[in-house]
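Visitor: Now for the letters of each chain:
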Amino acid sequence: MSVHDGADVPYASLKLLAKAGDGGQGEVHAVGGPGGLLYKSYREPHKLNGAALAALVSLRQALAAADRDRLDRETAWPLCRVTDGGRVTGFLMHRAPDVMTWQTSRGSSKLVELTYLLHPPKAAWQPVRQPSPAERYTLAVVLVELFQWLHAMGLVIGDVSHANVLWTLRPAPAAYLLDCDGIRLVGQRPVLDQADTPDWHDPLAPPGTVSVDSDRYKAALMIGRVLAQDAYASPGKSLKPVPGVLDDRREAAVLRLWEQAAGACGTRPDLGQWRTALAGRDTIKLIAARPAPRPAIDRSKFDGAKERGTISLRD
Amino acid sequence: MQILPFYLLCDESGSMSGDPIEAINEALPELHHEISTNPTVADKTRFCLIGFSSSANVLQPLVDLSDIDEVPALAAGGLTSYGDAFRTLLRCIEADVAALKAEGHEVYRPVAFFLSDGIPTDDGWEQAHKELTQSRFCPKIIAFGIGDAEAATIGQVANFRAFIQQEAKVSPAQALREFASSLTRSIVRSASSIAADGGSGFSLAVDETVPGFSTVSLDKL
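Going down the list, the protein sequences come from chains A and B.
Residue numbering for the first sequence follows my numbering, beginning at 41 and increasing consecutively.
Residue numbering for the second sequence follows my numbering, beginning at 5 and increasing consecutively.
Think of the hints as simulated: they come from the structure by calculation, not from any bench.
Warning: the hint list may mix true and false statements.
[As the list claims (entries may be wrong)] Far from chain A, some chain B residues (derived; all Cβ distances over 12 Å): (1) Glu34; (2) Thr44; (3) Ser70; (4) Asp71; (5) Ile72; (6) Ala80; (7) Ala102; (8) Asp152; (9) Arg189; (10) Ala195; (11) Phe206.
[As the list claims (entries may be wrong)] Examples of chain A residues toward chain B, derived with CB under 7 Å: (12) Tyr82; (13) Gln143; (14) Gly147; (15) Thr155; (16) Arg169; (17) Tyr272.
No residue lacks a Cβ here, since even glycine has one placed at the ideal position from N, Cα and C.
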């Protein structure tokens, strides 16, 4: 079974059911059979980097069982590619957990996207239960840990937005990452050229490029926006965490990193720093070992006037 | 905040009675639902409903759709005064843009979806249309014709895109459901490309083809 071994699946073998989603890059359909899988098909398969998609599938296959379970629990990772006549047309993935969906008043089911954490609640989406300050804090920690783990695996997340991160409070605060075909191995080309989401782009990154550093900027946006319940907060502007979410020590640490995130590429706080800040730990400034003192130089050997004699060639 | 205002100008003349007007009235909750449950879209868009027959009425003044839970229904009756519809739209846009700016928002050029099932019954509607399209905040107009509407007139009303119902294929009510879906998609997709601070502008995402409709060329004069 290819979902288990990661081998390509022929399109003809899929039994496609109802359309579950429609995005800029393609469509998502439910697939008949065990596992409640989804099939994402690309609108422009000829633009696809099939090798990059294969690399994501292989990465999951190479993980130890516990890590693979975590990946499946926290992301909609590509399980295997789908091919049609030798061309890659899309991939299979797991459906988001049921606890990350909500029923609207008209009876339809929607995903609990990050956006519902970033706006003051409205009647139209009342069924989405809002977190208590303590739960909001835990969600921020969960997100930081997920991003830190993906970075530790040598991945660049690329596009982070209000729509591709899901969350729940049941049974405990948890997060789930969508659109994982936008993720790439550091230094590798992505599956598809990925446009940034408005309000989530790194102003200092060259347009169209993403890196670990732009991920760090976007992680800062995500963390700050979750803590402040403000969809448009960005480093460089002041951050006002929701009262009760952070104690004084954590707030001071978070605000320091928030300021730092506005800095140049290469200076943004990494996920480990966010984790430390959210843990409320002080940091101890370490002083790097001093280089060995250079020996004193006798400048007279170099700077003195030269006395050039002559060498007699006849003797 | 960067705001994109949408106006729906809907024909509610006598000929719309029955299935057509019901189709629109049933589609409005669906449109409201799609947008109000999406805070990112609701934040950046506003919606106004104008019904027109012998005269035009602002049924729902420009609003953030997540702030309302009911909207006046369209009711069929009367003639088809395009002129009054355009004059009302122009008046609304001028007041709305000023009000949004006063609240500290930046405003993109408004988008107007115009829907009619007949030919205009008023003289001088072209003059009102001209005043609208030559105004400072001239909206991008997407016009849809169903039933007895004429392609030439619908093409004349639009300045962005125009569609006419394929009568042989679908009923007016079916066409109107497609029209409403297309309007909803336009709002959601356009808003999704808007940055809160304006950023690098946005792209107005209006379907190039709508099921049940033929696209009317705007190039022919």
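Visitor: A separate judgement is required for each hint: does it hold in the structure or not?
Guide: Hints and how they fare:
Consistency note on glutamate 34(B): stated as away from chain A, yet its beta-carbon is not over 12 Å from all of that chain's, at 8 Å minimum. A beta-carbon of chain A comes within 12 Å of the beta-carbon of threonine 44(B); the shortest separation is about 5 Å. Listed as a non-interface residue, serine 70(B) fails to keep its Cβ farther than 12 Å from every Cβ of chain A; the least gap is roughly 4 Å. Its closest Cβ contact with chain A, about 8 Å, brings aspartate 71(B) to no more than 12 Å, contrary to its assignment away from the interface.
For isoleucine 72(B), the requirement that its beta carbon stay farther than 12 Å from each beta carbon of chain A is not met, with the minimum near 9 Å. At roughly 25 Å from the closest C-beta of chain A, the C-beta of alanine 80(B) stays outside 12 Å, upholding its exclusion from the interface. Its beta-carbon lying about 24 Å from the closest one in chain A, alanine 102(B) satisfies the requirement of being farther than 12 Å from that chain. Here aspartate 152(B) stays apart from chain A, with its beta-carbon at least about 33 Å from theirs, past the 12 Å limit.
Not every CB of chain A is more than 12 Å from the CB of arginine 189(B) (nearest about 9 Å), against its label as outside the interface. Once the 12 Å rule is applied to beta carbons, alanine 195(B) is inconsistent with being away from chain A; the minimum gap is 9 Å. Distance check for phenylalanine 206(B) against chain A: the nearest CB is about 8 Å away, which does not clear 12 Å, and the non-interface claim fails. Interface hint status for tyrosine 82(A): violated, as the beta-carbon distance to the closest one in chain B is roughly 18 Å, over 7 Å.
With its C-beta approaching chain B no nearer than about 11 Å, glutamine 143(A) sits outside the 7 Å limit, and its interface hint is violated. A cut of 7 Å between beta carbons decides the hint on glycine 147(A): the least distance to chain B is about 10 Å, and the hint is violated. Restraint check, threonine 155(A) versus chain B: the minimum CB separation of about 5 Å is within 7 Å; hint holds. Interface restraint check for arginine 169(A): the shortest CB-CB distance to chain B comes to about 15 Å, outside 7 Å, so the restraint is violated.
The beta carbon of tyrosine 272(A) is positioned within 7 Å of a beta carbon in chain B (closest approach about 4 Å), and the interface hint is therefore held.
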